[in-house]
Amino acid sequence: MSDKRIGVISCSGEECVGGTISRLAVRKMMEELRPGIVSTLCLPLFIAGDGGEREFAEKYPTIAVDGCSKCCAKRAIEKYSSAVAGSIDVAEIIGQEAALGKPLSTRNLTEEHLAYVKEVADKTSEIFDAILVK
Amino acid sequence: MSNTVCVLPCNGLDKCAGDISRRVALKLTESEGVELICPVLLNQNKTRYDKVLEDGSLSVIDGCNTRCASKLAGSLEIAIKEKVNVSEVAKAQNIKLGVDIRDDEETDALVQVLLEKMSISEEKQADSQFIETETVEYESFSHGKFIFKVPKNNYFFNENDCWVSISGDIARVGVTDYVQQNLSDILYVDPPEIGQEIEQFDELGSIESSKTVFEIISPVSGTVVAVNDKLQDAPELVNESPYEKGWLVELRLSNFEEDKELLLDFEAYFEFLKRKVAETNV
Numbered sequence: 001m002s003d004k005r006i007g008v009i010s011c012s013g014e015e016c017v018g019g020t021i022s023r024l025a026v027r028k029m030m031e032e033l034r035p036g037i038v039s040t041l042c043l044p045l046f047i048a049g050d051g052g053e054r055e056f057a058e059k060y061p062t063i064a065v066d067g068c069s070k071c072c073a074k075r076a077i078e079k080y081s082s083a084v085a086g087s088i089d090v091a092e093i094i095g096q097e098a099a100l101g102k103p104l105s106t107r108n109l110t111e112e113h114l115a116y117v118k119e120v121a122d123k124t125s126e127i128f129d130a131i132l133v134k
Numbered sequence: 001m002s003n004t005v006c007v008l009p010c011n012g013l014d015k016c017a018g019d020i021s022r023r024v025a026l027k028l029t030e031s032e033g034v035e036l037i038c039p040v041l042l043n044q045n046k047t048r049y050d051k052v053l054e055d056g057s058l059s060v061i062d063g064c065n066t067r068c069a070s071k072l073a074g075s076l077e078i079a080i081k082e083k084v085n086v087s088e089v090a091k092a093q094n095i096k097l098g099v100d101i102r103d104d105e106e107t108d109a110l111v112q113v114l115l116e117k118m119s120i121s122e123e124k125q126a127d128s129q130f131i132e133t134e135t136v137e138y139e140s141f142s143h144g145k146f147i148f149k150v151p152k153n154n155y156f157f158n159e160n161d162c163w164v165s166i167s168g169d170i171a172r173v174g175v176t177d178y179v180q181q182n183l184s185d186i187l188y189v190d191p192p193e194i195g196q197e198i199e200q201f202d203e204l205g206s207i208e209s210s211k212t213v214f215e216i217i218s219p220v221s222g223t224v225v226a227v228n229d230k231l232q233d234a235p236e237l238v239n240e241s242p243y244e245k246g247w248l249v250e251l252r253l254s255n256f257e258e259d260k261e262l263l264l265d266f267e268a269y270f271e272f273l274k275r276k277v278a279e280t281n282v
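Just so you know, the protein sequences line up as chains A and B, in that order.
According to full-length UniProt numbering, the first sequence is numbered sequentially starting from 1.
According to full-length UniProt numbering, the second sequence is numbered sequentially starting from 1.
Any given hint could turn out to be false.
Derived lysine-lysine pairs resembling DSSO-like cross-links, with alpha carbons at most 30 Å apart [stated by the list, open to error]:
#1 K79/A x K51/B
#2 K79/A x K211/B
#3 K102/A x K152/B
#4 K102/A x K117/B
#5 K260/B x K118/A
#6 K79/A x K46/B
#7 K28/A x K91/B
#8 K27/B x K152/B
#9 K211/B x K59/A
If you're looking for bench data, these hints aren't it; they were derived computationally from the structure.
Every value quoted in this text rests on a predicted model; they were computed, and no experiment measured them.
Assemble the whole structure, with the sequences as input and the hints as a guide.
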């Protein structure tokens, strides 16, 4: 296994359910799909400028997982650190209409939402793996 | 101003506390007149929320002591009317949160406590029992472009730059002109709980500006009987009138004669402050 470090930053979306899906997809990736090798960065902390998050994203490849096409995570990385190594827009995967629904509490997600979470987590893992073998 | 409450959660993904801030925020938005503010979008595009923030008041939910949401509001110079810190409340409830996201009975209970804290912060407020003197006389000195004022009569000070003024068995506490000038624009005052028993030099809440957080160190011991609720809507009163309209807390004194031995009167504090300002080269 490579010791390469790769960061993933999820949108912390409160504007739409796409944000909720992006959060859960990143957690799923970190805890189930690629346990122990994903460095998740906290976007609010990244924006606040504490905790070494910006420095990490400058030094190591970082993937942005955004809930909608506003792409806040991607834009924040590019503003405060450097170009993203990869990016996901949940709205492009599950469709604008589905992504722009009202934000939901995790316990109110439907089977359909959970399937979206898996789909986004799988796509993010693909990008992650491609960076890992470079 | 409308009654809209804007809720800004930290929303952190790193720890359970961030997730709980989100749960509390989502629960609050189930009520009428509550608008959820996405911290990331606020940072990216503040104009998206300009109207609602202008018309309403801001409540902040910080997940941990990094206080990202508070810092974000501070950096954008948005005054905070009310806030809670999930980690601090969890600690007070003896709940260990850790990193993993949890959705169980214990975190449900914590969410409930946080919701109650956000809805009852204005209860139990007693009317002020402090009798104000008609005029307060000041002495001032300047250092560079700064002018520092110190009240001359019936004010005592500790070396933490907090003052106390006495009326019968009631003490009114605030911060000095030196503190407000150092902090610059004050955005939030975090008062103690009414009824809280305080020892001399205990922490008595805090005030927060875009620069930093200042812990109020109580010059006296006693029981908190009132807080200046005007500061919830107008924290800038501390900047404008630190010794009068910007008072912070009132306590019923428990032993002022003893406390007084460790306080400075006007003459002593005036000299102390002059030395301090010269040494720190404000």
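Evaluated hints:
no. : hint            : in the structure
1   : K79/A x K51/B   : 25 Å, holds
2   : K79/A x K211/B  : 22 Å, holds
3   : K102/A x K152/B : 58 Å, violated
4   : K102/A x K117/B : 26 Å, holds
5   : K260/B x K118/A : 65 Å, violated
6   : K79/A x K46/B   : 16 Å, holds
7   : K28/A x K91/B   : 28 Å, holds
8   : K27/B x K152/B  : 50 Å, violated
9   : K211/B x K59/A  : 28 Å, holds
Violated hints, in rising order: 3, 5 and 8; the structure is consistent with all others.
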